Amino acid sequence: MSAIIEIRNITKEFKVLNRREGLKGSLKDLFSRDYKTVRAVDNISMTIEQGEIVGYLGPNGAGKSTTIKMMTGVLEPTSGEILVGGNVPYQNRTRNAQEIGVVFGQRSQLWWALPLVESFKILKDIYQIPDADYEDMLSLYRSLVDIEPLLHKPVRQMSLGQRTLSDILAAFLHNPKIVFLDEPTIGLDVSMKSKIRTLIHALNQKKNTTVILTTHDMGDVDALCHRIVIIDKGKMLYDNDIEHLKSFFGSYRTLRLRIDGDLKAQAEIIGKEIPECSVSADEEWISVLVDEEKAKVIDVLAKLQKTHRIKDMQLMEISTEEVIKKIYEEGVK
Amino acid sequence: MKKRGFHFYFRIYCKIMAQDIKSKMSYRADFIISTIGMIFTNIAGFISFWILFRNFPSIDGWTYYEMLFLYGFSLISLTPVQCLFDNNWSLRQNVYSGDFIKYCFRPINTFFYYQSEIFDIKGLGQLAFGIGTLIYAWCNIGLGFSALMLLKLLVFLITASLIMIALQNTAAATCFWIQNSFYVLDLANRFRDYAKYPITIFSPVFRFFFTFVFPIAFIAYYPSLVLLRPDDVPVLSWISPLFGIAFFWLSYKIWMHGASQYSGTGS
Chain A
1 MSAIIEIRNI
11 TKEFKVLNRR
21 EGLKGSLKDL
31 FSRDYKTVRA
41 VDNISMTIEQ
51 GEIVGYLGPN
61 GAGKSTTIKM
71 MTGVLEPTSG
81 EILVGGNVPY
91 QNRTRNAQEI
101 GVVFGQRSQL
111 WWALPLVESF
121 KILKDIYQIP
131 DADYEDMLSL
141 YRSLVDIEPL
151 LHKPVRQMSL
161 GQRTLSDILA
171 AFLHNPKIVF
181 LDEPTIGLDV
191 SMKSKIRTLI
201 HALNQKKNTT
211 VILTTHDMGD
221 VDALCHRIVI
231 IDKGKMLYDN
241 DIEHLKSFFG
251 SYRTLRLRID
261 GDLKAQAEII
271 GKEIPECSVS
281 ADEEWISVLV
291 DEEKAKVIDV
301 LAKLQKTHRI
311 KDMQLMEIST
321 EEVIKKIYEE
331 GVK
Chain B
334 MKKRGFHFYF
344 RIYCKIMAQD
354 IKSKMSYRAD
364 FIISTIGMIF
374 TNIAGFISFW
384 ILFRNFPSID
394 GWTYYEMLFL
404 YGFSLISLTP
414 VQCLFDNNWS
424 LRQNVYSGDF
434 IKYCFRPINT
444 FFYYQSEIFD
454 IKGLGQLAFG
464 IGTLIYAWCN
474 IGLGFSALML
484 LKLLVFLITA
494 SLIMIALQNT
504 AAATCFWIQN
514 SFYVLDLANR
524 FRDYAKYPIT
534 IFSPVFRFFF
544 TFVFPIAFIA
554 YYPSLVLLRP
564 DDVPVLSWIS
574 PLFGIAFFWL
584 SYKIWMHGAS
594 QYSGTGS
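Chains A and B, in that order, give the protein sequences.
Numbered per my numbering, the first sequence spans residues 1 to 333.
Numbered per my numbering, the second sequence spans residues 334 to 600.
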C-alpha cells in the first residue's frame, strides 16, 4: 500500500464581510467594508492509502466540502501542503482532474439532455480512455448493475436514484485513482441506497479505487467505511478505524428492563445496587447503561434477577450514529 | 496521457455539438417556435430600419444601402457569439446556484468546456438573414467584386465577431464578482445595438466611449469603412483585427481568472 493523498497541516481561511443589520446597515456596508477572517479548515493532516474507503464526517458547516474542494484543486489552501497522487491539486488542476472522479451532492455532472451512453462517449474522449479499457469498464458495470435501461435514457428524464447511479458510474469510468463522493445517497429510498452502497463497494474492490465519502447517513458508513475521519469547526476530531471509534467511547451497551411497580422508584433502587452503571427510566423501560470494561452485562443481569422480577428485557448495542452524535455534541474529551 | 491540442478540442466540440443539436431537434415544437420567434425579431428590426429611412434619405452622409450594409455586417458578425457562446447567458445562474463547480472537475479547459455545452442553432437563421441583407446592400451600392475584397470582408467579419464575443465574455464574467450581473450582460447586449450605426452620427463624447471604452464601433463601423470608403480608411480600421484578437484574449483571461477564483457554495 502506498499513500495516494497526503495532507499536511492545511488551513483554509476565508475573508467574510461583516454585514451590518437592516437597510441602514447595508448602506453602511457599501462604503465601509469590515472584513473578518473565518477559518473553515484548521490545521488538518491525514494520509490516505490507495484502495481505502474513508468516511469523511462532520456536522453541517464543519469544513468537509472545503477540504474536498482543496483536494480536487478548486480551492487553494491558505497554508499547508496537499499531494494527491503526487500532484499539488491547485497548481495542476487539469492533471489532477484526470486522476480523480467527483460526485458532488445532488448536482449531476452529466449532460442533461443526452442519453447516458452519449455522455459516456464524450467522457471517453475527454479522459482519452482507450477503447479496450472503456469496453472492460462497461462490461464490469453490466455485471454489477442493470444499466441497459439507463443507457438510452436522457439524464433529464431519470429518477433521482437513477441519476445518482449514473453519476457514480460516470465518475468511475476513466478508472480514476480516487473518487470523491459527496452525500451520494441523500434523498434516496432504502433499496436504492443499498444498491448504490453495493456498487461503490464492488468498484472499490475490483479497481482498488480510493473512495472519500462524505455523508450524514451512518448506514453508508457502516456498510462501506473501515476508517472514518471526523471534523468539526474546521478541526480534526477523530481519525481512526470505525471499530476503534466504539471502544474509544467505552464499549457501552444498554440493557433495557421491564419490571413491575413504579419504574422511577425501581430505577433508583437499581442504581444503588449497581453503582458502576447509570440507570434511568421512561414510561415503559428502565435503561441500564453498562460500560463493558467495568462490568459484564450478563453479571448485571444475574445480579438484578435475584432481587427483581424481570418481565421483559432488551439488549441494545450503541450504534455508530449515536457515537457520532455524541462526538458532534460533546467533542472528543 | 496524450497532449490535448487543437485537434482534441475540435473533435470533442463537434461531438458535443452534434449531440446537443440532436437532442434539441427532438423537441420539435420548441425548435419550430423559437425559429419563428427569431425570424420575427429580425423582420421587426428590418422594418423599423426601413421606416427610419423612409423619412431620412441619408444619415450624416450614409445612404440607405450603406446603412443596410452595416446592418447585415453586424448581423453576420453576431452569429458566432449567438451560436457558440450562448451559455454565457446562464453563467450567472450557474455561479449563483453553485452548479458551476462541475465545470472545474474535468481535465479540459474550463472556458471551453463551459461554452461547448450549448450550441444555439437559431443563430444560423440570423446568419442567413445577415448574408441576404449584406448581398442585397452590396449589389445596390455597386461595390464590384474581387478576391481581395472577399478576403477583407472575411478578415473584418472575424474581427467583428471576436469583439462581440469578447464583450459578452467580459460582461458575463462579471458575475464571478458581482451578484446581479444580469444587468451588465443586458446592458452590453443593448449597447451592441448601436453597432449598426455609423459612429459619426454620435456626439464626440459617445464616439470616444464607443471606440475606446466600450468598443462597439469596431463591430461594424470601422471594419466596414475598409470596404465602403476605401479612399479614406482611418488607422483605427486597419488595426481593428489586432484589437479584436487582443480584446478577445483579454476577455478570455478575465473569464478564466473569475473561474479560478470560484469556490462554489456550501453543500
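It should be emphasised that the hints constitute simulated quantities derived from the structure, not laboratory data.
All values derive from a computational prediction rather than experimental measurement.
Don't take each hint at face value.
Some chain A residues judged to face chain B by a derived CB distance under 8 Å, without partners named [claimed, not checked]:
hint	residue
1	Thr72
2	Val74
3	Leu75
4	Arg107
5	Gln109
6	Ala113
7	Ile122
8	Ile129
9	His152
10	Pro154
11	Leu315
12	Tyr328
DSS-like mimics (lysine-lysine), calculated; alpha carbons at most 30 Å apart, straight line [what the hints assert, rightly or not]:
hint	chain 1	residue 1	chain 2	residue 2
13	A	Lys177	A	Lys206
14	B	Lys357	A	Lys124
15	A	Lys124	B	Lys485
16	A	Lys153	A	Lys235
17	B	Lys348	A	Lys153
18	A	Lys207	A	Lys177
19	A	Lys193	B	Lys435
20	B	Lys586	A	Lys15
21	B	Lys455	B	Lys355
22	B	Lys485	A	Lys121
23	B	Lys435	A	Lys195
24	A	Lys121	A	Lys193
25	A	Lys36	B	Lys435
26	B	Lys455	A	Lys121
27	A	Lys296	A	Lys306
28	B	Lys435	A	Lys153
29	B	Lys435	A	Lys206
A virtual CB, placed ideally from N, CA and C, is assigned to each residue, including glycine.
Verification of the hints:
The restraint placing Thr72/A at the interface with chain B holds, with a minimum CB-CB distance near 6 Å, inside the 8 Å limit. For Val74/A, the shortest C-beta to C-beta distance to chain B is roughly 5 Å, which falls under 8 Å, so the interface hint holds. Against a cut-off of 8 Å between C-beta atoms, the interface hint on Leu75/A holds, since the closest Cβ of chain B lies about 6 Å away. With a least beta-carbon distance of about 6 Å to chain B, the hint placing Arg107/A at the interface is held under the 8 Å criterion.
Checking Gln109/A against chain B by beta carbon gives a least distance of about 4 Å; that is within 8 Å, so the hint holds. For Ala113/A, the interface hint holds, since its Cβ comes within 8 Å of a Cβ in chain B; the closest pair sits about 4 Å apart. At about 6 Å, the closest approach between the beta carbon of Ile122/A and any beta carbon in chain B falls short of 8 Å, and the interface hint on this residue holds. The beta carbon of Ile129/A comes no nearer than 11 Å to any beta carbon in chain B, farther than 8 Å, and the hint placing it at the interface is violated.
Using the Cβ-Cβ criterion of 8 Å, the hint placing His152/A at the interface with chain B is not satisfied: the shortest such distance is roughly 13 Å. Evaluation of the Pro154/A hint against chain B yields a held restraint, the C-beta minimum of about 7 Å falling below 8 Å. Using the Cβ-Cβ criterion of 8 Å, the hint placing Leu315/A at the interface with chain B is not satisfied: the shortest such distance is roughly 38 Å. Among the interface hints, the one on Tyr328/A is violated; its C-beta lies about 17 Å from the nearest C-beta in chain B, farther than the 8 Å criterion.
Taken as a hint, the Lys177/A and Lys206/A pair is honoured in the structure, with Cα atoms around 12 Å apart against an allowance of 30 Å. With a C-alpha separation of about 23 Å, the suggested pairing of Lys357/B with Lys124/A holds against the 30 Å cut-off. Among the hinted pairs, Lys124/A with Lys485/B is inconsistent with the structure: their alpha-carbon atoms are about 41 Å apart, more than 30 Å. Only pairs whose Cα atoms come within 30 Å are accepted, and Lys153/A paired with Lys235/A is rejected, the gap being roughly 43 Å.
With a C-alpha separation of about 18 Å, the suggested pair Lys348/B and Lys153/A falls inside the 30 Å cut-off, and the hint holds. Annotation: proposed proximity of Lys207/A to Lys177/A holds, straight-line Cα distance about 9 Å (limit 30 Å). Restraint check for Lys193/A and Lys435/B: the C-alpha separation of about 23 Å stays at or below 30 Å, so the hint holds. Annotation: proposed proximity of Lys586/B to Lys15/A holds, straight-line Cα distance about 24 Å (limit 30 Å).
Pair hint Lys455/B plus Lys355/B holds up; C-alpha atoms about 14 Å apart against a cutoff of 30 Å. This hinted pair does not check out: Lys485/B and Lys121/A have alpha carbons roughly 40 Å apart, beyond 30 Å. For the hint pairing Lys435/B with Lys195/A, the CA-to-CA distance comes to about 24 Å; that is within 30 Å, so the pair holds. A distance of roughly 27 Å separates the Cα atoms of Lys121/A and Lys193/A; the hinted pair therefore holds under the 30 Å criterion.
Distance restraint check for Lys36/A and Lys435/B: the Cα-Cα separation of roughly 29 Å lies within the 30 Å cut-off, and the hinted pair is therefore satisfied. At roughly 26 Å between alpha-carbon atoms, Lys455/B and Lys121/A fall within 30 Å of each other, so this suggested pair holds. Restraint check: the Cα-Cα separation between Lys296/A and Lys306/A comes to about 16 Å, which is no more than 30 Å; the hinted pair holds. Among the hinted pairs, Lys435/B with Lys153/A is consistent with the structure: their alpha-carbon atoms are about 21 Å apart, no more than 30 Å.
Proposed proximity of Lys435/B and Lys206/A is supported: the alpha carbons are some 26 Å apart, at most 30 Å.
The structure fails hints 8, 9, 11, 12, 15, 16, 22 (numbered hints given earlier, in ascending order).
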